[in-house]
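Trainee: The whole structure should be built from the sequences, with the hints applied where relevant.
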Amino acid sequence: MGVGRGPGYANFDLMLGKRVEIGGPRYAEFRVEAFNVLESSQLRRPRPRHRGTGDVWGHHDTVSSPRVIELVLKFYF
415 MGVGRGPGYA NFDLMLGKRV EIGGPRYAEF RVEAFNVLES SQLRRPRPRH
465 RGTGDVWGHH DTVSSPRVIE LVLKFYF
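The numbering of the sequence shown is this note's numbering, which starts it at 415 and goes up by one.
No wet-lab data here; the hints were simulated from the structure. Being a predicted model, the structure only gives us computed values, none of them experimental. Hints may be right or wrong, so weigh each one.
What the hints assert, rightly or not - Okay, the calculated beta carbon distance ranges per label pair:
hint	residue 1	residue 2	range
1	442	483	13 to 21 Å
2	485	440	18 to 26 Å
3	436	480	14 to 22 Å
4	491	429	19 to 27 Å
5	488	451	30 to 38 Å
6	491	454	34 to 42 Å
7	451	487	30 to 38 Å
The beta-carbon is built from N, C-alpha and C at its ideal position, and this holds for glycine as well.
Mentor: Here it is as structure tokens:
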């Protein structure tokens, strides 16, 4: 069986952060992380679809993960 090709894959992640000194070696870090910011659909590789008539075609029926936003607060001491 040959190798099938699907559409291109593009993903854009973003992270913004702020470090706040508390005193001595202690500090706090706050981050906002966003994955798949543009929420572009990423179709997964095609799966063969059998219809029982002898024809087999690649079929895209699933997409990758949606946009995810994560808030992070860390204390270092």
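Trainee: All the hints need checking, so say for each whether the structure fits it.
Mentor: Checked hints:
no., hint, verdict
1, 442 - 483: 13 to 21 Å, "holds (20 Å)"
2, 485 - 440: 18 to 26 Å, "holds (21 Å)"
3, 436 - 480: 14 to 22 Å, "violated (36 Å)"
4, 491 - 429: 19 to 27 Å, "holds (23 Å)"
5, 488 - 451: 30 to 38 Å, "violated (22 Å)"
6, 491 - 454: 34 to 42 Å, "holds (40 Å)"
7, 451 - 487: 30 to 38 Å, "violated (21 Å)"
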